[in-house]
Structures are given as structure tokens and as C-alpha cells.
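Listed below, chain by chain, are the residues.
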Amino acid sequence: MSELEEENRKTVSHSPKRAMMLSIIPGLGQFYNRRYFKGILFFVLIAAFLVVFGNFLNIGYWGLVTLGTMEGVDDSRMLLIQGIVSVILTAFAIVVYWLNLIDAKRDAEKIKEGWKVTTLREGFKNAWDKSFPYALVAPGFFMIIFVLILPLLFMVALAFTNYNIYNSPPKFLLSWVGMKNFFNVFSVPMWRNTFFSVLSWTIIWTLVATTLQVGLALFLAIIVNDKRIKFKKFIRTFLILPWAIPGFVSILTFAAMFNDQFGAVNNQLLAPLGITIPWLTDPLWTKVAIIFVEVWLGFAYVFALFTGVLQSVSSDWYEAAEVDGASKWQKFRNITLPHVLFASAPLLIMQYTGNFNNFNLIYLFNQGGPPVRGQTAGSTDIVISWVYKLTFDTLNYNMAAVISIILGVFVACIAFFQFRRTRSFKEGGTNG
Amino acid sequence: MNAKLKSRLEVAGIYLVIFIMFLVIIYPLLWVFGISLNPGTSMYSATIIPKNASIEHYKWLFTNQDSNYLLWYKNTLIVASAKTVLSLTVTLFVAYAFSRYNFVGRKNGLYVLMLIKIFPVLMGMVAIYILLNLVGLLDSLLGLTLVYVGTSIPTHAFLVKGYFDTIPRDLDEAAKIDGAGHFRIFFQIILPLAVPIVAVVALFNFMAPFMDFLLPRIVIRSPENYTLALGLFNLVNQEFGQNFTRFAAGSILIAVPIATVFLYFQRYLISGLTAGASKS
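Protein sequence lines, in the order shown, are assigned to chains W and X.
For the first sequence, our numbering gives the first residue as 1, with consecutive numbering after it.
For the second sequence, our numbering gives the first residue as 433, with consecutive numbering after it.
Watch out, some of these pointers could steer you wrong.
Claimed, not checked - Away from chain W, derived, C-beta distances all over 10 Å, residues of chain X:
#, residue
1, LYS491
2, LEU503
3, LEU570
4, LEU574
5, ALA607
6, GLN620
7, MET639
8, ILE650
As the list claims (entries may be wrong) - Distance windows between CB atoms, simulated:
#, chain 1, residue 1, chain 2, residue 2, range
9, X, THR692, W, VAL323, 37 to 47 Å
10, W, PRO371, X, THR692, 51 to 61 Å
11, W, GLU319, X, LYS436, 14 to 24 Å
12, W, VAL95, X, ARG601, 23 to 33 Å
13, W, ARG373, X, ASN496, 16 to 26 Å
14, X, LEU623, W, TRP62, 43 to 53 Å
15, X, ASN496, W, ILE203, 45 to 55 Å
16, X, ILE480, W, VAL409, 42 to 52 Å
17, W, ARG373, X, LEU623, 50 to 60 Å
18, W, PRO370, X, ARG699, 36 to 46 Å
19, W, VAL323, X, TYR533, 44 to 54 Å
Claimed, not checked - Derived DSS-like pairs: lysine-lysine, alpha-carbon spacing no greater than 25 Å straight-line:
#, chain 1, residue 1, chain 2, residue 2
20, X, LYS608, W, LYS125
21, W, LYS125, W, LYS112
22, W, LYS130, X, LYS608
23, X, LYS438, W, LYS232
By construction, these hints were calculated from the structure, which means they are not laboratory data.
Each residue gets a CB set at the ideal place from its N, CA and C atoms; glycine is no exception.
One chain only, chain W, in its complex shape (with noise of 0.2 Å):
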């Protein structure tokens, strides 16, 4: 009886704050819960990450900050990644201080209710099941962080630099700028000309190719699910036949095709009505072209698409709507279309995206040419082939990455207001 009583005030008076607070030094918290194992652990870690990442701390944010302080010596990109890895790892060291504060307070919570220690065994298990998804998870992020994220902070941070051809690591030193490159995409004439004709192109290329790409995939699957065409395999497999061909076998082909001298658009398509065009010359014809063949390109993929997605359309529904005396254009107004594009919606969200960043076709068939005069950009570049540009071939490093991060923060606002909406009306769809 007393025994038990002990017990009781044990547990009560034993106190989560208390766990926590000690718990600012990492693993002290676990031992008061008697956790010693655990307790170790965190307070290894925690040790093992200041005695080895220490000096690479110091020499990173030294160089985040200072860029590098001696010409010819430090190198101003190679401090600027050890600064940006600095900043990664830190945040992971915190993200474990904060675990290991979290994990002493909720398992003294646990304890004060009356929890016993589970033996070492047990433990692990839990630990076990607990971490099993983070290892799972791990090393795909470890890779996303290194091949994605951390160039791309690496390339929000140029934006700020006076990096370009006049100014290049080994040799000089950066120096971070602020906001003025921001300001002179749009104060420097030449940049902001080009700037906003660029971007013109980019959605006037994007809306219009892929529309007519929809449209035109749309219209063929609706044809040749009609019930009275036969050969329906056969045909689709002939339809998909772009899609299933490499992109740049047929973007290079196209580009000989339209040549201006010796392409056989002009040479043998177009000579029996004595007309030359100056495809790759001129550059609204060269606009023409470019859309002709992205629509060549990609409307075999939306067509596959929309054709598994007809498939899935009850029948009943248009007999239903034939009893009721409906029109063929009503029973694609009201049935067909709201039936395909919801359910392929996403994937027309990537559709245009993937368009408006189709580096391939624009830099493969005509190298964003012709050129213009007095503009950094070709007349048929779109915004990332001209960042394309701006860093290998003019090597103006800043510019091209302020142009990205206006680029980025343009597409990301766009693909979130279509998810949202998309899933808006998701909700509020048939599945309810």
C-alpha cells in the first residue's frame, strides 16, 4: 500500500518544464526521464555536430557575409555554397534541438501519467516504427536538397551579386548589391525592353500553342471514339505516334524541314505555288513555325490523354440526355467537356507550365532566333531560353538569376492559384 502511494507522488511531482528546460542541453532532459539510451543519443549527436561541422560553420557564414575578402584568393562562389550548406545544416541541427526539447517534455508528460519505462527492447521497436518513415524519406530528400534546393537558393543569392563577365570568380571578388539588379530590369532601357517583349512572347507563345494543342487533342479524341469509325486501335496508336518519338529527333527535324535554303517546306511543300518563305529569318514566321510544331509535338500526349479519359464516361449518361432530345453540341457542352477536364485538369495545369518552360523546342529549332537588334534576346526566346543565354553565352550571372526568381515567383503564383482552384472544384464536384 505505501508502496504504491510512493509510487504516486513519484510520478506526480515528476515535471514535463522541468524535462525541458533540461533539456537545453541535449540529452539531459532523457535522463531525468531515465531514458538514458535516447538521452545519449541526442547529446551525441548534437556534440558530434559542432566538433565536426564547427569549423565548416565559421568559415561558411564568414563567407555568406563577406563574399571573401582577399582577390585572386577566396573564391567567392565555393564561400557563397559553403555559406548556403552552412545555412542547410544549421537548419537540420535545429530541427533536432527542437526534437530532442519536444521528445523530454512529451515523454515526462507520459511518465507523470502514470507511463512506466519501457525496457530497452521495446524502446527500440518504437523507435523503430517511429523513425521508420523519415528513412524512407531520407535519402530521396538528401538528393532534392543537393541537386535541387540548394542551387536554387545558390541562384536567388547571385541575383543579389555583382556576378557577370566583367566581374568573375577566381579571379575577383563578389560582392552582394541589394536590389539594384532587380531595379535595372526595369530602369535600364535595353533591359527593360527586352525584358517585357520577352515575356510577351512567353505567354502569347504559351496560351496560344497550347491551346490549340488541347483543342485540336480534344476534337481528335471526340472523332475517333465515335462509334461508328473503325480501326479505333490502330488509328489511336498512328495519333500518339509524336509523343512516342524523342523530342529532339523531331524538333531538329522540323528545323531542317523549315530551313529557308534547302528545307523541303519551302523546297518541295510550298514550290509547286511559287512561294518562299523566310522561315527562320523572319521572325513572325518563325513564330508561325514554332507554334505549327509544338503543336505537332504535343498534342499527341493530351490526345492519349483525353482518350483514356472519354473512355471512363458512362454511356448511360449520354442515352439519358438522347431521351431527354439533347443536341450533339449540348451533350459535349454539358457532358463531355466538364466530364474530360475535370478529370484531366492537373495535368493541363503541367501542360501549359511545361510549355511555358519548353527550353527544348525554342533553344533546338531556331536557337531563340532570329536575333534582334539592341535586345539581349532573340525574337522567338522565350524567358528561359533567354536566361539560358544570359549565363552561357553572355555570362551575365545576375541578371539571368534575377530573371529566374521573377520567372519562378510568376509561374509559382500561377500554378497555385490553378491547384487551388482545380481543387476547389474538385470538392465541390461529382465526388461529393
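Fit chain X to the supplied structure of chain W, relying on the hints for placement.
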């Protein structure tokens, strides 16, 4: 009678449209095939129906010592295989965790994936270049493979997660009660049911290095490490029109196997894509 005639006209119209589409689709393909059979490397005299057809360019690709075609093919196969294995493993694990486990940070992790997916890889190219340089992986197939794996994860993880979500949870709950461990549930219950999407993602992974030209262009410098797309592009880009017949032959040899595989798996592709997307 009138209705019948109208119906017939409609069907005829549909066939006509399909026929026109056939012509539009097949013309460039026949053209490039015809060009590849033209003797000589000049485009100026080449025609779609060659006067004296020969397969000299195909022979040239495989036998001439100036031709690196086989080497490029080998490089591409190495990258594609390594990428498929690595990327598939990592992607399946990530997707499984996000589909089946409720862990702290799950929601934020999903947001991060979704956000990352939006930004074009090209934006981080300078950093990838410098980073690979820093660790000595620039101009190597290993470096190229690793970048490929990293960039493919977000998109594919979403596709696979969407598919996993459609597999009923009762199945793994039942297995758990019977005492199956985490890996057992994954390998013996989830994976066999997810074969279509695994096939789709594996196929996408494998084919990407055959089609992509941008990443190798940035990562690879020396000709002996070229992949097919990069090698062929350089072949034709040095002097446009000069090597086009050879390029055409080389392209046909890539396009035919890829298109065949693609068309063969198209049903899986479409069902995998739509099932994954409508759920995400």
C-alpha cells in the same frame, strides 16, 4: 434516308480529318527516313525519295573510326540503367512514406515537393555546374546520373504517391495485424499491386537520357562522355546541313526502338498517368 446520308457524310468527314492528320504526322518522319538514305553528307542535294538509296550512313555510324555513335549509345545505356535503378528505389520509398505514414513534417514535405516541381531545373544549372566541379563530378557519367536522379524525384514521387493512395489501406492494416514488418508490407503487398505505375516510372526514367539534351550539354564536356542526344546535336550543329544525313540515320536508330517500346506500353502509360494525377 436523310438521316442515313447525314451520318455517312459525318463518318466520311471524320475519316478525312484523320487522313489529313496521318499525312501531317507521317510526312516529317518519312522525310527524315528518306534523307537518311541519301548518299553523301550534303543536305542541298538530298531528297525525300533518294535517287540512289544507300545505307552508307548507317554503316558509317557503326564502322567509321570518326564515328562515336556506339560509344554514345553505351554511355546513354549506362546512365539510363543507373538512373532507373537509383531513381526508382528512392522515388518508391518517398512515395510510400508519404502515402502510408502519418509523420511529423509530412504535410510540409509534400508542399516542398510540390513547390520544387514547379521550378525548371534550368534555374539551378549554374550552381549544379559549380557544385559538380567542387566535388569532381563534372564531365562524368556519375555526376550526370546523380543530377538526373535528383531532378526526377519530385515529379515521379507525386505520380507514384497518387497511385499508392488508390490501393486500399485495409490490406496493409490486415498484414500488420498478422505481424508483417514495414518492408514486408511494402514489398509483398503494395509493390505487386502497383506494377503499372512502377512500369510507367521505370520507363520514363529509362527513356529520359535518350531524349534529354540540356543536362548533358551543361554537365558533359569531353566527347567520349557524350550521350546520344548531345552527340547527335553536336554532329548536326557544327555545320548545319553538312552532317544532316548522318544525323538522320543516327536519329532513326534511336527513334525506332524508343517509339516501339513507348507504343507497346502506351496503355499502362495512360492509365498510370490519369490514376496518379486525378488523386494528387
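(request) Would you list, in rising numerical order, the hints stated earlier that this structure does not obey? (result) 7, 8, 10, 13
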